[in-house]
Structures are given as C-alpha cells and as structure tokens.
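Turn these sequences into a full structure, and let the hints guide you.
Quick note, the sequences are listed as chains A and B, same order. The numbering used here applies: residue 150 is where the first sequence begins, and numbers increase by one. The numbering used here applies: residue 150 is where the second sequence begins, and numbers increase by one.
No lab work stands behind these hints: they were computed from the structure. Even glycine gets a Cβ: it sits at the ideal position worked out from N, Cα and C. Treat the hints with care, as some may be off.
[Stated by the list, open to error] DEER-style ranges, computed between Cβ atoms:
#, chain 1, residue 1, chain 2, residue 2, range
1, A, D175, B, E408, 25 to 33 Å
2, A, E457, B, E308, 56 to 64 Å
3, A, T448, B, M239, 48 to 56 Å
[As the list claims (entries may be wrong)] Not close to chain A: a few residues of chain B, all C-beta gaps over 10 Å, as computed:
#, residue
4, K151
5, D175
6, D184
7, A302
8, G309
9, E353
10, K390
11, D406
12, K415
2 protein chains.
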Amino acid sequence: MKVMDILKKYSESIDKEIEASLNTIDPTKLCEASDHLIKAGGKKIRPSLVVLSCEAVGGKSEDALKTAASMELIHTFSLIHDDIMDKDEMRRGKPSVHMLWGEPMAILAGDTLFSKAFETILDTDVENIPPKRVVEALRTVVDSCIKICEGQALDIGFEGKLDVKEDEYMNMIYKKTAALIAASTKAGTILGGGTEEQIQALAEYGRLIGLAFQIQDDYLDVVSDEEDIGKPVGSDIVEGKMTLMVVHALANASKDDKERLISILKANNEDLVDDAIAIFNKYGSIEYTRDIALRNVKTAKELLDVLEDSEAKESLKLLADFVLERNH
Amino acid sequence: MKVMDILKKYSESIDKEIEASLNTIDPTKLCEASDHLIKAGGKKIRPSLVVLSCEAVGGKSEDALKTAASMELIHTFSLIHDDIMDKDEMRRGKPSVHMLWGEPMAILAGDTLFSKAFETILDTDVENIPPKRVVEALRTVVDSCIKICEGQALDIGFEGKLDVKEDEYMNMIYKKTAALIAASTKAGTILGGGTEEQIQALAEYGRLIGLAFQIQDDYLDVVSDEEDIGKPVGSDIVEGKMTLMVVHALANASKDDKERLISILKANNEDLVDDAIAIFNKYGSIEYTRDIALRNVKTAKELLDVLEDSEAKESLKLLADFVLERNH
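Written as structure tokens, this is what we have:
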C-alpha cells in the first residue's frame, strides 16, 4: 500500500466528521472563513495517525474518527492564527483566511475551529468507548494545544536572535510542530485501548516523526529545487529564519564564518544563498540535519515493535518513511 | 451580605486556581501577556456564579473551583481577542494586551488562556465528583465558547447595518455575553449534582441575567454621568453602535426621525448625542430597554424557586439585582 492510499483510506470519513462539525456555524461568513483552509485540502496526516494508532492496538477506526477530525480542526486553527501573526498571504495555494476575510474574522475563525475541535471529541460515542478513555484523549489533545501556543511564542522570540542553542531550537519545534503529531498518535492509542507501554511508545513515535518532519523542511529549503518545494531554494536563508542548519553552523563555524553567516541572514538578499550553503557545507551542517531526521525516523519505526503485526502497523512505518520522502 | 462580599468570598481560592494554571506557561513573555488582564483584576462574576450554583444544589464549593477558574480564563481570552478585533486600546484601566505585547503575542495569549481553561476543568478531582458530571460541565463550557465566537461575528456583521431586528440583536447579545454566564450557572449546577429541572432553571437564570447585564450597559450609556461609567455619556451613539435603544427607535420612529437617527449614528459627532436621546425619549426606547432588563432580572429570580433555601440561593438573588444596580 502506498502512502497516498493510506491517507486516502479514511479521508472521506474524516471529512464527513469535519463537515458535520462545521456546517452548523452561524453566521455564514464565520462558517465560510472557518471552512476555507479545510476546503483548500491538506494531506490529513494527523487525523490518519489518530485512526491508524487506534487500529494498531486493536481499536475500531470509527471510534477514533471524531478525535481524528478534531486534530485537523486544531491544526487548521493554528495555521490560521500563525498566518495572521507571520503575515503570510498564501496557504495551501490559496489566499490565507485573513487576506480574504480580514484579521478580525480570521481570529474568530481560528477560535471557532478550536472550540469545535473540543466539541467534536466530546461527541465521541461513549456507548462504544469508556468515557475515561475519551477524557484521557482530551487531556492529551489539550496539553498539545498549550504546547502549540508556547512553541509559536518561542519561534516569535527567536526573530532577530542569532545565539539560539540546539536544545532551544529542538524544544521550539517540538512544541510548535511535533507535540500535535505526538498527541495524534497518543490519543489514537488511548482510544483504541492500548497498554501504557504502547501509549508511551506511540506518543514517542509521533514526537520523533514530528521533529523529523520539521527538520526535513529545514533541509529541503537548501537541497531541493524550486519546482519541488513550491518556493525559491534558500528562502529560509533570505528570510533569516532559524533552522537546524543555521543553529549547527553558528555553533561550529570559525569566528569569521559565523560573522559572515550572520550578515547573510540579516541581508535579505537571494544572491547570498549560495554563500550561506557553502558555509553549511564547510561545517557539515546539512549532513548533520539530514542525519538527525534519518535517526529520528529510524528510532520511531523501532518503537513500533510494541505493536502486534497488522496493516495499521505497516502503514505507520510507511508514514514514518514518508516524512523523509516527501519533497514539499 | 453585600454583593461585594459575595464576590470576595471565593475570589482568593479562584485566584489561586488561576495562578496555578498560568504560572507554568513558557516563555515568560507569553506567561506575562496571558496573565496581564487577569492581574488587572475583574469582578469575577462568572466564577462566583459557578461556585454559588454548585453550592445552591448542595455541592461543595471546592469541587467547582477549577471550572470557576476556567470560566474566568475563557472570559479573559475573549476580552483579549475582542480588543484586537475592535482595536480597543484600554481594558480594566490598563493598556490592552496587544498594545503592550503586539498583536501576534496577544493572539497567542488568548489561545493559551483558552487551552488552559480546558486543562483546568479536566484537572477537576474525579475522586470527589463523578467523571460524567465533569464531561457534562465541559460540554456546557465548550458550547458557550462556540457561541461567543458566533456572537462576536454577528456583532462585527452589524457594523454599518442599520436594519437590525430586535430578535437578531437579542440573539447576538445572547451569544456574545449571556451564553458564557448561562454556562457558568449551568456548569456549577451540574457539578453540584443538581436535578435536570434545576440545571435548566439555573441555565435560564444565567441567560436572563446575562442579557440584562448587556442591556443595562446599553441603558447606562445614555442615563449615567461620565464619572460613573468611566466614559463620556452617549459614546455608543457617537460610535454608531447598535444598542437595544437604537433597534427599538429605528423600528418605531417616523420616517423623518428614523432618517435623522441614522444620520446621527453615522456622524461620529458628540454634539448630536442629545438629539439622539430626544428621539429615544420620543418613542419610549429608553424606558423600553430598562423594562426588558428589569423583567429579565425578575424572571431570573423567580426561577431560583427550584432551589431549597440557602445562603447561596440568597447570593444568587442579590447577584441578579446587582446587574441592574451597578453603574459601570
């Protein structure tokens, strides 16, 4: 089974849950603004991870569908608010929500999706699944929401700061990106009735592939071509963004190279991208970044040994590899 | 017992819960931005209503404290986001969060308080209180959060619209203001183990005093003096804000008076406040508004007949009257 088939397998059921949740929003404008990015599509990796984790410990996919839908609602809420904060004008190939409806309505659309996410989890049919599990799943999800906010605040705090340590950087991307992915696999495992060992292992699997996902993003910025990633190569460098390569190079470069890299990151000049890449190469920063992503995915897959063999287990393995295969 | 004593009675315990919830937020900047309006103080009416409703049906106040704290977190979240949307520069006598930390951090502070609110409810000790009740309370709170977003969207939609019908206006203030107050009394009653009849009655009590609270705000704008309400008399008129008086006058005035009122609302001119008030008086709009507030409070108090006599019941009666007594 290919990754796209795995992601497609539940997408219709997940979409139905999401639409059922959103179509009661009133007034229409708020409903449309809330639904815009959902309609623009997305790979639905987080909801698929919820359902697969539930199945992988012997649970039924339908018992995890509402929580799966809610993870996509939370992910979308955070994209809408992040786009306002970062003044990003495009998302998923369409104008971002605040570009179309203005900032006030975009803030509200995010808040609405956030509320709807909790409503959706709470609608889980407790005839089929013990309420205690639903509460545990909910607690996991709420915890990741707090981390998302903290991660975004840390990221904002990195702007203009050029002495970010690797552990600070890893903590930021854990909270901003990996925590929600870890919550997806953990919540799914809880809903499916996994053992404590399985819950911990799947949460860690999620954390590791979540980190690899972000690190791969950093890596792709310098090794892809424009066509693949849909933006010019080196845009992170031009924007002066903190990435794992920058963190590594700044920690390891000579005084001169460090100063040169800092001046490039501040210059906002695309002609200097190759110079920055040369510095990354000189100190092995690109290889270092790729290695961490590879190691995370390898460890993540090993953690799946706590599961009995199943189609869901194989799908989780493929999804871990997919993090490194994707080119955008 | 006086209202201020009632509100003070639990404020220390409620503040402790709130601080325990917020002091783990990292980074510091996000923690400070999230805590700013909480520290600026507030009357804590919503949390007090949670605790009193719980006690009024025989529950223990300590079982309702976490949910009480979470209602204040949600209220504060909505104030922070509303201030961004409405470009309000002051709140509770201090600069609003976005004025001090900028819009991105203010959006995040609101999102963080929102997440923390759910975490806090979920921390309710289920040794003392059946988990089913906690889930029911949570559902009530989540439902009111969706309504808050919808209410704010409706309010934004009223801007520049001068044919708002009374039922549309009442629906907006119900969602924007009364729903959270209704959720406070309903959640408290649920946690205290109230009967279905008591839960419905207390929810309706909350809805009615919540509506009266907003309508009284509309009323005070034209009948108070500046010193009492802390803003110039008639500022709603100058800002062209939709209020119950405007809705009533526009529905009942002659063609000429209606056109005159519309031109005043569009003029943004404080010299015209008296002219608008003259039109309100001509059509009995001020009296009409006050009557609705009075009637709501009267009905709200009658609904408390479902409760056995207790100090908490008396306090709820006094809080209902307080809605009309307050002058700001």
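The hints, checked one at a time:
no., hint, verdict
1, A:D175 with B:E408: 25 to 33 Å, "holds, 31 Å"
2, A:E457 with B:E308: 56 to 64 Å, "holds, 58 Å"
3, A:T448 with B:M239: 48 to 56 Å, "holds, 52 Å"
4, K151, "holds, 36 Å"
5, D175, "violated, 6 Å"
6, D184, "holds, 13 Å"
7, A302, "violated, 4 Å"
8, G309, "holds, 14 Å"
9, E353, "holds, 21 Å"
10, K390, "holds, 16 Å"
11, D406, "holds, 29 Å"
12, K415, "holds, 21 Å"
Hint check: violations occur at hints 5, 7; the rest are consistent with the structure.
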